[in-house]
Structure formats: structure tokens, C-alpha cells
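Trainee: On the provided structure of chain A, position chains B and C as indicated by the hints.
Residue numbers (this note's numbering), protein chains in the order written: chain A, 29 to 178; chain B, 60 to 224; chain C, 131 to 493.
FYI, nobody ran anything at the bench for these hints, they're computed from the structure.
A couple of the hints might just be wrong.
DSBU-like, lysine-lysine: derived pairs with alpha carbons at most 35 angstroms apart [unchecked claim]:
id : chain 1 : residue 1 : chain 2 : residue 2
1  : B       : 191       : C       : 259
2  : B       : 191       : A       : 66
3  : A       : 113       : C       : 259
4  : C       : 182       : A       : 66
5  : C       : 204       : C       : 182
6  : C       : 474       : A       : 140
7  : C       : 182       : C       : 223
8  : C       : 474       : A       : 113
9  : A       : 66        : C       : 204
10 : C       : 223       : A       : 66
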Amino acid sequence: MLLHFAAPFIFVIVAAAFIALNLLISRLLQPRVPSAGKTTTYECGEIPIGSSWVQFNIRFYVITLIFVIFDVEIVFLLPWAVVFKDLGWFAFVEVVIFITILLVGLAYAWRKGDLEWDKPETGKFAREAAPQLFEEVGMETRKPVQEVTL
Amino acid sequence: MNYFDLTFYVFAIGAVVSAGMMVFSRNLIYCAVGLLFALASVAGIYVLLGADFLAATQLMVYVGGIVALLLFGIMLSVKFTGVELRTGTLQMLPGLMIAAGLFLLLVRMVFRTEWAVNQPGEMLPTTSTIGKRIMTDLLIPFEIASILLLVALIGAAYMARRERT
Amino acid sequence: MEALIQALQSQSAFFSQFSESLLALIFFVLFGLLFATVAAVCALVFVYLERKVSAHMQDRLGPMEVNTEIPVLKKIGHGWAQTLADAFKLLLKEDIIPDAADRRLHLIAPFILFAAVIAAFAVMPFGEKLVVSDMNIGVFFVLAITSFSVIGVILAGWASNNKWSLLGGMRSAAQIVSYEIPNGLVVLVIVMQVGSMRFNDIVIAQSGGILNWHVFQFFPLNLIAFIIAFLATLAEANRAPFDLPEAESELTAGFATEYSGFKWAIFYLSEYANMFLIGIFLSALFLGGWTSPFGSLFGGFFDQPGWQPIWIILKAVAIVFLQMWLRWTLPRLRVDQLMYTSWKVLTPFAFVAIFGVGLWMLL
Numbered sequence: 029m030l031l032h033f034a035a036p037f038i039f040v041i042v043a044a045a046f047i048a049l050n051l052l053i054s055r056l057l058q059p060r061v062p063s064a065g066k067t068t069t070y071e072c073g074e075i076p077i078g079s080s081w082v083q084f085n086i087r088f089y090v091i092t093l094i095f096v097i098f099d100v101e102i103v104f105l106l107p108w109a110v111v112f113k114d115l116g117w118f119a120f121v122e123v124v125i126f127i128t129i130l131l132v133g134l135a136y137a138w139r140k141g142d143l144e145w146d147k148p149e150t151g152k153f154a155r156e157a158a159p160q161l162f163e164e165v166g167m168e169t170r171k172p173v174q175e176v177t178l
Numbered sequence: 060m061n062y063f064d065l066t067f068y069v070f071a072i073g074a075v076v077s078a079g080m081m082v083f084s085r086n087l088i089y090c091a092v093g094l095l096f097a098l099a100s101v102a103g104i105y106v107l108l109g110a111d112f113l114a115a116t117q118l119m120v121y122v123g124g125i126v127a128l129l130l131f132g133i134m135l136s137v138k139f140t141g142v143e144l145r146t147g148t149l150q151m152l153p154g155l156m157i158a159a160g161l162f163l164l165l166v167r168m169v170f171r172t173e174w175a176v177n178q179p180g181e182m183l184p185t186t187s188t189i190g191k192r193i194m195t196d197l198l199i200p201f202e203i204a205s206i207l208l209l210v211a212l213i214g215a216a217y218m219a220r221r222e223r224t
Numbered sequence: 131m132e133a134l135i136q137a138l139q140s141q142s143a144f145f146s147q148f149s150e151s152l153l154a155l156i157f158f159v160l161f162g163l164l165f166a167t168v169a170a171v172c173a174l175v176f177v178y179l180e181r182k183v184s185a186h187m188q189d190r191l192g193p194m195e196v197n198t199e200i201p202v203l204k205k206i207g208h209g210w211a212q213t214l215a216d217a218f219k220l221l222l223k224e225d226i227i228p229d230a231a232d233r234r235l236h237l238i239a240p241f242i243l244f245a246a247v248i249a250a251f252a253v254m255p256f257g258e259k260l261v262v263s264d265m266n267i268g269v270f271f272v273l274a275i276t277s278f279s280v281i282g283v284i285l286a287g288w289a290s291n292n293k294w295s296l297l298g299g300m301r302s303a304a305q306i307v308s309y310e311i312p313n314g315l316v317v318l319v320i321v322m323q324v325g326s327m328r329f330n331d332i333v334i335a336q337s338g339g340i341l342n343w344h345v346f347q348f349f350p351l352n353l354i355a356f357i358i359a360f361l362a363t364l365a366e367a368n369r370a371p372f373d374l375p376e377a378e379s380e381l382t383a384g385f386a387t388e389y390s391g392f393k394w395a396i397f398y399l400s401e402y403a404n405m406f407l408i409g410i411f412l413s414a415l416f417l418g419g420w421t422s423p424f425g426s427l428f429g430g431f432f433d434q435p436g437w438q439p440i441w442i443i444l445k446a447v448a449i450v451f452l453q454m455w456l457r458w459t460l461p462r463l464r465v466d467q468l469m470y471t472s473w474k475v476l477t478p479f480a481f482v483a484i485f486g487v488g489l490w491m492l493l
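Isolated chain A (complex conformation):
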């Protein structure tokens, strides 16, 4: 059994060596002419403003948290799935209870809007920024596009 696990481990080492070798070859072949303009952070040709290491939206964190919990759930269910055929009804009911308890959590997060991301409000920004422009081109009469839902 150990040999089975040795294979991916050695694959990782070999893959790393493969990349390192290629990067080395590339390093030997390539020109190196750094200049201030070239090594500036790319920001569409402008001079970058501030650092990009800024505070991030908490939604990313919440999504990852929910992910970790469901990840653990999958890990718990895998051994059950392997022996499911041998154990039958009793094990099935147990797992239904297990999953249902967690589905309550998913329903809670769903209901409270933790799975929501900001939806774009079509035309709102432009309408506020330049109302007279909208009037000129006669777009006032056009109704805002309805939310597209899947």
C-alpha cells in the first residue's frame, strides 16, 4: 500500500524538477533587460495607485467557511458510501439524519442571504451620473432591464 502513495509523492517531486529545469533553460536563453517601466505593476498603463494588498470583502470568507463545513461533511460521508451496500436501511436512515441536520444549516445560510452576491443594478449608476444625457438620447422612457435570473 505504501508504494501506492509513494507514486504521487514522487510525481510531485518530478513535476517540480521538470518545471525548475524548464525555468532554468528559459532563464539561460532569455534576455534580461529590466527597466523601470517594465517592472512597474500593470495597471492599464497608468502609474499604480497604492498597494493592491487591500482589505477584502467578507463574503469570500463566509463562502470559504461554508465550504469547509461541507468539505468535512463529504469526508464523513465517504466511508459510509463505501460500506453502504453492506449496511442497508439502518445506515441510510442515519445518514439521512446527518445530512438533514446540515441541510438546515444550508437553508439558514440561504434564507439569510449569505450565499448572495451583489447583483448589478442596470443603468442605475449612469442614470444618477448624467440624468440630462439620458433625457437627451431619450433613454428615460426605456425601462431598466429586468434582473436576469437563471
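Mentor: Same frame as chain A, now just chains B and C:
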């Protein structure tokens, strides 16, 4: 020294070195990367002990989940790069004493405990055994685990929401 | 793999003087190199294919010019050497690292992404005997090792210290973790039916022709599971219509914005190798893996071991083609639609599939 021992030392040294990187690094992202490699090395040691399912769990939950969560958490905190991780008031002497005391205690424990030593035999797949035991004599802990996960989910979502509004 | 080593040792005096572990080590290194090369070749072929597929779908010709002077190869035409030339160009290009970037992590990130994909290839079944490591937790291992790519993507985004990179990296990570859940859940559906996580057990359970493939069992539950798995892996590979992290029009190149030269090429290498990996993974789980679709028809001719790698590679390429087809057909999703699809459509349906298959098997 055979291949088994050699592999063990590779993983053990890997775990210790990356744990050291995690503890001593000033940059929080580097700490997270150190943790990543420490956890992966521990997964390797699990494999050597014949715990195949546990090793994959370690990779999936800790590396894919917890470290990603940590990275997001770090980026969530305001201006994390400029933070000086050392506190202003250093209590060198009491800190050292407590650390040394704890270390001695642990060393004493390691040498005084009667470890249950298993002679390495033929390693067998563990997953179906885990599955059967979870469904029979470990059923109550299994179901309680789901309630624990539920509490964690609701609690985390609640706290995050309060912060947002 | 052990069978191969033992056969070599028993038949040849040369091999029998080495220990089994040493031979295994050498084999693993050789196969590792092979798969790393296959990944590179895969990327070359698939990039060419992608350009041709997209071109013909849009009534264009795609690359037509690049060719060699070698007489036989010159006949092929159709710009076949285009991606080869691109690869050499990338090898010769300057590797620009921005001053503001974190150099060490900037270097590590591509390694993590590529190594994770190659490690997953170790358990992929190309035939009954043609599998490097027939691990008893194979499917679970693939799920576990591919979660490394989240870390690689976040690190690449962060280390670049570029707003596009960081935003793309974070979006990509959020997307990967969101779609890993439905993917893991539908894997459960298959493991329940087979009672094993070993890839070869799963494939053998589907032998005997196209009607025994998992995708057609428990109709329509397994078909739903297959669609969920296909969409989830598509999103995990950041392919269109789930390619928000590298949406050119708003995020430049996403987390790869500040990468150039060969480091950038590694990201593409990993992406296309990952597509191939997904193809093999899905065909092993749902489409019969290396078994032939004809079963015992034609006197079992197509069931011979020699055909096994051909079948699975054909199936994998078909799935890769499907991925490309979708990319050039569907518009990109919006970020809220992306989260909606994962958490509110795929995940509930995956649970339905688990419960449904469980009940069906018990009744």
C-alpha cells in the same frame, strides 16, 4: 536505514522546518504557506503509519479548506502587510520561563509515557472499517459531529453578517 | 504496477538483482517524467485544437501559416506547428517580475498548481494494468490533491501585488471552493453504487458495454450527477462559461496578469493538463473508463487489453472537446449567477441524487 525510515525523516524534517517558518515569519502570508507545508508533511507521516484515509482527509480539509480560509481571513484584516507582528511590551523573562517549563513537561511526558508500540505489519485499507464503525458503535459521535458542524456554520454566518451591516 | 515489477524480476536476471522498492522508485520517476511531458504535449495539442475548434465554430480558419521545411510534415499544413512555435517563443521570452511583487511566492505558485495536477495523474486508470498507483482511496485522493490548486491560485494572485491579479485570484479561489462541494457530492453517488473508491473497481463495475455505464444507470439520477460533475469540474478548471477569474474584458488575465514568459506558460500547461485530467476522471466515473462501449459485440474484439488506453483517451478527448464547444457557445456568467448555480442549483440536486440513489438501491 531503509526507504521507510528515510521517507519518515524527510517528512518529519519537512514538518518541523515549515512549522518553524510559520512561527518565525513576520509576514502573515508566509506563515500560512509554512502551515501549508507543515500540514502536508504531517499527511505524509499519516500515510507512513498506514492511515490512508486520514492522510487524504488531512490534505482535503486542512490544506484545501483551512489554509484557504486562513488566507482569506488574512486578506480580510485591514492593512495586514504593514502590521508589525511583535507586540510593544515584551515580557521576555516570564515568557521564557513558561515556555521552558512547558517544554520540560512535554519532554517528561514523552519519556515517561508507556507508548503502545505496534509492530508494523501488512497495511490494509482503512476506509471500510471507518465506515462500519461510524455507522455502528461510533454512531452518536457521528451524529453529534453534524450538529457541531451546523452550529459552526450558523455561528460563522451570523458573525460575518453582523460585521457586514 | 507491483505486478509489472514482479514480472520483470521473475523473468530477467538483470532486474532481479535490484530490490522491489528501488525498481518502483525508478518506475515512478520515469512515469512522473512521462506524465509531465504528456501534460506539456497535451497543452500544445489542446491549445491548437482550441484555436481550430473556435475558428471553425466562428467560420474562420484559425492558424494556417506556421509550418516546417521537413518534406513529410510540410504536407500536413493547417498551421500545425503554431503552438510549437508559441512554446519556443515563451521559452525565449523575458521573465518579468514586477518590483512590487513578492518574488518568492511569485515563483512558488506555478509549482504548486502544476505539481497538484501531475500528482493526480498518478492514480488515473489508463487500463486495467496500466495505472501507476491503483490506490484504494483513488477518487478521494484526486479530490484532495486538486484542492491544492486553490492555494496556488490565491498565492499567485497575492504575490503579484496587482489589483487584477488579486481580484482574479480571490474570485477564482471562491469559485473553486464553491464548486468542489457539488463535485464531491456526486462522487459520493458513484462510490455508493460501487462500494469502493478504487478507480479500477469503479471502471470494472461498468464493463460490458455502453448500457452498463454509470451515466445510464438509475436513470435519470446518474445522468443528473454526471451533468453536475461536468459543470462543477468545468468551473473548477476556470473554463468558460465559468471563466470569470480571467475575464479578459474586466480583469485582464486574472491571477496570471503579472506572469510572463515560461512561468505564464506553466499556468496554461496546468490548465490544459487539468482539462485532460478532468476528461479521464469523468470518463472513469461515468462513461465506463477504459472499457469498450461494445461489450461482447464483435466477438469481444474491442474488449482486448490493447484497446483500453485508446478508449479512455478517446472518451477524455471527447469531454475536452465538449468543454471547448461550450466555451465558444455560451456567454460568461455573472459572479452572482456563478454562486447561485453552485450553491442553490447544483448542491441541492446533488443531495437529491444521493438520496434518490440510496433509496433506489434499498428498494
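Trainee: Against this structure, judge whether each hint is valid.
Mentor: Here's how the hints hold up against the structure:
no. : hint             : result
1   : B:191 with C:259 : holds (30 angstroms)
2   : B:191 with A:66  : violated (61 angstroms)
3   : A:113 with C:259 : holds (27 angstroms)
4   : C:182 with A:66  : holds (33 angstroms)
5   : C:204 with C:182 : holds (18 angstroms)
6   : C:474 with A:140 : holds (13 angstroms)
7   : C:182 with C:223 : holds (25 angstroms)
8   : C:474 with A:113 : holds (29 angstroms)
9   : A:66 with C:204  : violated (39 angstroms)
10  : C:223 with A:66  : holds (13 angstroms)
The structure shown violates the earlier hints numbered 2 and 9.
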